[in-house]
Amino acid sequence: MKRRRSLFLHLSHIRLLAKKFALVILFLIAFVLMLINKTDTVIIDKTSSVATDMFSPLIDILVVPAKMVAKGYDYFKDLKQIHQDNIRLREENRRLNMVYDRFRALEIENKLLSKLLNYVTPPRADFVTARVIAEEGDAFSHSMIAYVGDEKVKKGQIALSDRGVVGRVDKVGQRYVKIILITDINSKIPVMVEKSRVRGILSGDNSTMPKLIFIPLDATVNVGDRIVTSGVAGVFPAGLPIGKVIKVSKNEIVVKPFSSLEQLEYIRLVDYGLEGILDNTQETPQEDK
Amino acid sequence: MAKELDENITSVFQRLLPFAVSALLLLFSYVPFDFMFLNSIRPAMGMICVYFWLQHRPDLFNLGSVFCLGVLDDVVTSSPLGSNIFELLLMYVLVNNTSRFLNAKPFVVLWYGFALLALVTMLSRWLIVSVYYSQFLPLSMLAFSYMATIAVYPLISLLLAFVQNNFIQDDE
Numbered sequence: 002m003k004r005r006r007s008l009f010l011h012l013s014h015i016r017l018l019a020k021k022f023a024l025v026i027l028f029l030i031a032f033v034l035m036l037i038n039k040t041d042t043v044i045i046d047k048t049s050s051v052a053t054d055m056f057s058p059l060i061d062i063l064v065v066p067a068k069m070v071a072k073g074y075d076y077f078k079d080l081k082q083i084h085q086d087n088i089r090l091r092e093e094n095r096r097l098n099m100v101y102d103r104f105r106a107l108e109i110e111n112k113l114l115s116k117l118l119n120y121v122t123p124p125r126a127d128f129v130t131a132r133v134i135a136e137e138g139d140a141f142s143h144s145m146i147a148y149v150g151d152e153k154v155k156k157g158q159i160a161l162s163d164r165g166v167v168g169r170v171d172k173v174g175q176r177y178v179k180i181i182l183i184t185d186i187n188s189k190i191p192v193m194v195e196k197s198r199v200r201g202i203l204s205g206d207n208s209t210m211p212k213l214i215f216i217p218l219d220a221t222v223n224v225g226d227r228i229v230t231s232g233v234a235g236v237f238p239a240g241l242p243i244g245k246v247i248k249v250s251k252n253e254i255v256v257k258p259f260s261s262l263e264q265l266e267y268i269r270l271v272d273y274g275l276e277g278i279l280d281n282t283q284e285t286p287q288e289d290k
Numbered sequence: 016m017a018k019e020l021d022e023n024i025t026s027v028f029q030r031l032l033p034f035a036v037s038a039l040l041l042l043f044s045y046v047p048f049d050f051m052f053l054n055s056i057r058p059a060m061g062m063i064c065v066y067f068w069l070q071h072r073p074d075l076f077n078l079g080s081v082f083c084l085g086v087l088d089d090v091v092t093s094s095p096l097g098s099n100i101f102e103l104l105l106m107y108v109l110v111n112n113t114s115r116f117l118n119a120k121p122f123v124v125l126w127y128g129f130a131l132l133a134l135v136t137m138l139s140r141w142l143i144v145s146v147y148y149s150q151f152l153p154l155s156m157l158a159f160s161y162m163a164t165i166a167v168y169p170l171i172s173l174l175l176a177f178v179q180n181n182f183i184q185d186d187e
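These protein sequences, in sequence, are chains Y and Z.
Heads up: the first sequence is residues 2 to 290, going by this note's numbering.
Heads up: the second sequence is residues 16 to 187, going by this note's numbering.
No lab work stands behind these hints, which were simulated from the structure alone.
Warning: the hint list may mix true and false statements.
Claimed, not checked - Pairs of lysine to aspartate or glutamate, DMTMM-like flavour, derived with a Cα cap of 20 Å:
1) Y:Lys-156 x Y:Asp-79
2) Y:Lys-21 x Z:Asp-74
3) Y:Lys-212 x Y:Glu-253
4) Y:Lys-155 x Y:Glu-110
5) Y:Lys-20 x Z:Glu-19
6) Y:Lys-72 x Y:Asp-86
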């Protein structure tokens, strides 16, 4: 009887130890994963892409009811604004017609001048329109998952909204891609001030506004200046709009993106054929077939 | 025989339900909404689910479930792999060590308890990820996320309580 009791106590002790040990092991796994992730290995990249592909269809299904609620809300909100919008759009249309005429004249002038200077035109861009199915933006990361279907997408491709650059493709799965937003701490884009051509790096810090860093000490940057891509490093072509400067202080220059990153429904993933310094070996597996 | 099989299926279903509901809620929390601000301030859904189930049905939500939920969260987000696992495991440890103070207490006490534990876990993760990036992450975003998490806790716990009361039988 005594022996049986001691055996029982023994087993419960082992079970308790195993339970405690499991917790330590799982904590260790979490830390090891973080360390491996820091080294940016191909295995993690590929595993993460496969996992994104596995779980994204579930989010895709969940999007449907959420979109219905959002659309219903938008419908009633829009009803109130239709009249005011109509007046504003008529005025805007009149102004845009004038701008369009001017644009056509400039385009012809540009073509003639390019011919005179023997200017080499940049490569034609191919793009894929992707539907955003998941977004996340908190203190730890800013990214989104988009559905690309059977289209071919490469790691490093630029993500554009109708207003400008929003990020770049980070992980590529079979049908889904993960995009790092320009506000993410891992995002570093070579940019310049459109007017003064001062170059720098637009760096995300996981807040809602990226910062302009590495600009020359004697450079003058003013509030309201437009920031565009500089084309340095050859990943992003020059001149793509990103945002405008909203704050210049001694320690930081804050840039507000043109696109509202939290309200993106569709984005364009553009391939300018510029390989740059990025390793573009990862791409949608369809091409291998 | 058929009755036994039926009971087994029900038992498995009930065992898996807390994790399945939590995983669905977690994925749902990343669905983009067209409302302003809603996408940039997201509640930490995983943390709410872990806290709720460990308080109410620890027998159906074990360490493995916590770990799997952390992996799922890590896969969907692009924060450093393992950081979500760390956060949820820390919540597991904290809930287990405070359960004797919070067990069978009124909802308001549980809510306060959650607010306190969520603060500790979120700050710990913030510190770990800041070390990872060798730079302090914006505390303002963390504060917004924390407030959103605390604010939606009653709503989510109401939903989870509904699942618990209607689809999961008591042990007795």
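Here is how each hint holds up against the structure:
no., hint, verdict
1, Y:Lys-156 x Y:Asp-79, "38 Å, violated"
2, Y:Lys-21 x Z:Asp-74, "16 Å, holds"
3, Y:Lys-212 x Y:Glu-253, "7 Å, holds"
4, Y:Lys-155 x Y:Glu-110, "35 Å, violated"
5, Y:Lys-20 x Z:Glu-19, "31 Å, violated"
6, Y:Lys-72 x Y:Asp-86, "18 Å, holds"
In summary, the structure is inconsistent with hints 1, 4 and 5 from the numbered list given earlier, while agreeing with the others.
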